[in-house]
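Chain residues, written in single-letter form:
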Amino acid sequence: MSEYTLLLAAFLIYFLVMAMGFLNLFKGKQEISRISWYLAVFGFALHSLSLLVRTVSSRQAPFTSMYESVNFLGWSCVLATIIFIRKYRLQKTAPYLWLLVVALMALASSPALPKEVTPLVPALQSYWLWLHVSVTLLGEAFLAVAFVASILYLLSAEKETAEENSSGRKERLDFIAYRAVTVGFPLFTLGALVFGMIWASKAWGRYWGWDPKEVWSLITWLFYALYLHTRLVHGWRGKKSALIAILGFLAALFTFFGVNYLLRGLHSYV
Amino acid sequence: MLTGVWYFLTSIRLAIVLLILIILLSIAGSLIPQEQEPEFYQKYLPKISGLILFLEFHHLYRSPLFLSLVFLFLLNLLFCSLKQLPAKFRRLKTTTGDHPPGRMYKLSTEDSLKIDKWLNREILSLESVLRKKGFRTKTIEESGQKFFLARKGIPGLFGPELVHLGLIIIIMAGLISALFSQRITLAFLEGQTEEIPGKNFALRLDRFTTEYYPDGQVKSWISEVSVIENGQVKLQKTIRVNHPLKFGGLSFFQMGYGQDWDRASVELQVKLSEEKNIKIDIRTGESLTFEEGYRIRILSFVPDFQLEASGRVETRSTEPLNPAALVEITHHSEQVFLGWVFARQPERKDLHKRTRAEVEVRLVNFSAPTFSVLEASSDPGTGPVRAGCILMLLGLLTSFYLPFREIRIKQQAGSLPELYFYSRKQAESFQEELAVLLGLNKKTSKG
Ligand code: HEM
Chain A
1 MSEYTLLLAA
11 FLIYFLVMAM
21 GFLNLFKGKQ
31 EISRISWYLA
41 VFGFALHSLS
51 LLVRTVSSRQ
61 APFTSMYESV
71 NFLGWSCVLA
81 TIIFIRKYRL
91 QKTAPYLWLL
101 VVALMALASS
111 PALPKEVTPL
121 VPALQSYWLW
131 LHVSVTLLGE
141 AFLAVAFVAS
151 ILYLLSAEKE
161 TAEENSSGRK
171 ERLDFIAYRA
181 VTVGFPLFTL
191 GALVFGMIWA
201 SKAWGRYWGW
211 DPKEVWSLIT
221 WLFYALYLHT
231 RLVHGWRGKK
241 SALIAILGFL
251 AALFTFFGVN
261 YLLRGLHSYV
Chain B
271 MLTGVWYFLT
281 SIRLAIVLLI
291 LIILLSIAGS
301 LIPQEQEPEF
311 YQKYLPKISG
321 LILFLEFHHL
331 YRSPLFLSLV
341 FLFLLNLLFC
351 SLKQLPAKFR
361 RLKTTTGDHP
371 PGRMYKLSTE
381 DSLKIDKWLN
391 REILSLESVL
401 RKKGFRTKTI
411 EESGQKFFLA
421 RKGIPGLFGP
431 ELVHLGLIII
441 IMAGLISALF
451 SQRITLAFLE
461 GQTEEIPGKN
471 FALRLDRFTT
481 EYYPDGQVKS
491 WISEVSVIEN
501 GQVKLQKTIR
511 VNHPLKFGGL
521 SFFQMGYGQD
531 WDRASVELQV
541 KLSEEKNIKI
551 DIRTGESLTF
561 EEGYRIRILS
571 FVPDFQLEAS
581 GRVETRSTEP
591 LNPAALVEIT
601 HHSEQVFLGW
611 VFARQPERKD
621 LHKRTRAEVE
631 VRLVNFSAPT
641 FSVLEASSDP
651 GTGPVRAGCI
661 LMLLGLLTSF
671 YLPFREIRIK
681 QQAGSLPELY
691 FYSRKQAESF
701 QEELAVLLGL
711 NKKTSKG
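Taken in order, these protein sequences are the chains called A and B. Numbering follows our numbering, in which position 69 of the first sequence is assigned residue number 69; successive positions increment by one, without gaps. Residues are numbered in our numbering as their position in the second sequence, beginning at 1, plus a constant of 270.
Hints in this document: simulated from the structure, not taken from any laboratory. Keep in mind it's a predicted model, so treat the numbers as computed, not measured. For each residue, glycine too, the CB sits at the ideal point set by N, CA and C. Do not rely on the hints blindly, as some may be mistaken.
To be verified - Below, computed lysine to aspartate or glutamate pairings styled on EDC-like, alpha-carbon distance capped at 16 Å: (1) Lys541/B - Glu562/B; (2) Lys695/B - Glu3/A; (3) Lys403/B - Glu702/B; (4) Lys546/B - Glu630/B; (5) Lys202/A - Glu645/B; (6) Lys541/B - Glu412/B.
Stated by the list, open to error - Restraint-style ranges between C-beta atoms, simulated for each label pair: (7) Trp130/A - Arg582/B: 44 to 52 Å; (8) Met1/A - Ser637/B: 42 to 50 Å; (9) Leu23/A - Gln696/B: 28 to 36 Å.
What the hints assert, rightly or not - To list a few chain B residues with every Cβ distance to chain A over 10 Å, as calculated: (10) Gln304; (11) Ile318; (12) Arg453; (13) Gly651; (14) Phe670.
Make a model of the complete structure from these sequences and hints.
Set out below in structure tokens:
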């Protein structure tokens, strides 16, 4: 099967899982969430196979163009989602995570992003490309989970109903977001900042150059440092935390898309 | 006064304010083009150019404002960590008597009896339950009191300090780099030798190759170089992008390539008459006799021809997008042809000042010597940055994944035991763990 057939199959499965999740919000059936978890794992396996086929045939990392990077971010989000569902169940949050996955995959498949394999410019021919990009995107996937949980937190804060379990659910969303940050933040630090600095010092002879992409990774990272420390100060939980986690992820998205399309620099390869 | 300053510098609120300010300034720095001439800002950002130049936001990351914020942040990090440390060490040292802050686990009578039994008759089983979970345990008896202590994740207690220390090192390394790093750009033609400024060796480019993909994109630049010391070849090496040469405290990076268009060679087709059509290879600046009485000279070559409004010829870029040569032909010192000929527009004749109608010149081919662009750099901050990164990562791992946990049981002779527990964060979830671990009721109050 070709990489695109596999990808399409994975996409359809994710869509199905999302739809089942939303329907199940009303029903709340255990079996449905179990079945959809296995389905999701199957979709993830197909998606992984698709990436593998592309990697083998192009003989380069599967994240060197915008299409590939968005697709890989989607794949990472699926991984993060599966792990978090497995660990924390997330009956009510899961469909929104799948919504994000489906949105990313739809974006990847948009005709605006060319799908063909482009050969690598000299600076990108390094094993650091693998380490730097994959770990960064994996970290961002967990930060995406925090993003979704934080949005849900704010939305559920809006309609402050007298529902009995509403405060319990909010606390849980806050907790999920925090746990996701504690996975995403170290990965992002390692991938974006540490591997980024080491690679830059190997390729260009300087580990930091205040290039727009570097600055925006730093901004993203500082937002999460802010997230962690505002939580240490009494009272900064919930709403404010959620807002920072959302801003942090928007900064990550801007690093990903905005810098390439709006700001120029050494890093604008894709 | 001094305590006020100390309080200010160690407060986490200052850290939050500084983080926000640094984020805002960095955003500004990414939006305002950096390192341009003042005129640039007056031209393109007339409304705010005054402010930009006053605040030195045209090189924001080395502006006094930004640097003082970073410096304040550095102090904040340092003092804040120093402030945390004594309490943490005290916690580790204290084993008996007044216990450091923690929570009291409010035990039901039933639970108290259970723990009493463990503590006094089945201490081994209490220890083994906790040890299985990775705790280290200790029992101390002192003046009629009994203390039982169980701990794990001691690195996690110091995780934040490791992260902060790593960051302090990274920021200081950045300062060292800013002050002491050196960079020189070097351009080499094949065969060229250059003395390296400030060093007692020279570098010679032996061979330079550019490899292309089938679609014409550059695949790699390969510079084969020799290091020459005292006239001797000391070392030979191939430099590519991502594969620098390290020698004599410097690293040499392949940055790209360029073409020396002032020394371009051209191939021309010169038609003097219907029968006489002659092919000529010649270099820019050279002149040569090619036919009885005829001399040809290439006065100039540009890779990307552009005619300015003033009538001056310029090159728009260094890429051969519209290559053109200015050719002069004389016959017994009489000018018979003068004009620009274009490789891509052979029919273009508007810039010909021709004296003889039958003479025609075509630019068939061109090439220019390519030079390799290398950059030599030394940066004493690189090592410290890596060390700082490692500390920071270790700190993050221990902070989040080896959380510090402590259980203290205290018993006065003749009374029931009291249980205290502490975790750096998330005391609630630790409490739940504990309840499961020891099989207790889940009731507590703050202590
Ligand atoms: C970008 C800069 C910084 C980073 C990346 C950073 C990172 C961290 C991390 C990862 C933790 C552990 C958080 C947790 O367990 O939830 C932490 C804790 C902490 N940080 Fe920072 N930090 C930074 C700057 C600062 C500054 C400037 C201060 C000075 C006030 C500070 C004060 C603290 C304190 C008081 C703790 C809690 C210590 C504890 O729980 O024992 N941090 N920091």
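Here's how the hints hold up against the structure:
1. With a CA separation close to 14 Å, the supplied pair Lys541/B and Glu562/B stays within the 16 Å bound.
2. With a C-alpha separation of about 46 Å, the suggested pairing of Lys695/B with Glu3/A is violated against the 16 Å cut-off.
3. Taking the CA atoms of Lys403/B and Glu702/B, the gap is near 14 Å; set against the 16 Å cutoff, the hint holds.
4. With a CA separation close to 11 Å, the supplied pair Lys546/B and Glu630/B stays within the 16 Å bound.
5. At most 16 Å may separate the alpha-carbon atoms for a hinted pair to count; Lys202/A and Glu645/B meet this at roughly 12 Å.
6. Distance check on the hinted pair: Lys541/B and Glu412/B sit about 113 Å apart at the alpha-carbon level, beyond 16 Å; violated.
7. Between Trp130/A and Arg582/B the beta carbon distance is about 50 Å. The supplied range of 44 to 52 Å therefore holds.
8. One distance hint, 42 to 50 Å for the beta-carbon pair Met1/A and Ser637/B, holds here, with the actual separation near 48 Å.
9. The hint said 28 to 36 Å for the Cβ distance between Leu23/A and Gln696/B, and at roughly 34 Å that hint holds.
10. Not every beta carbon of chain A lies more than 10 Å from that of Gln304/B, the smallest distance being close to 7 Å; the non-interface claim is violated.
11. The beta carbon of Ile318/B sits about 18 Å from the closest Cβ of chain A, which is more than 10 Å, so the claim that it is off the interface holds.
12. Interface exclusion of Arg453/B from chain A breaks down, the closest Cβ pair being 7 Å apart, not more than 10 Å.
13. Not every CB of chain A is more than 10 Å from the CB of Gly651/B (nearest about 8 Å), against its label as outside the interface.
14. Interface exclusion of Phe670/B from chain A breaks down, the closest Cβ pair being 4 Å apart, not more than 10 Å.
Checked against the numbered hints listed earlier, the structure breaks hints 2, 6, 10, 12, 13 and 14; every other hint is satisfied.
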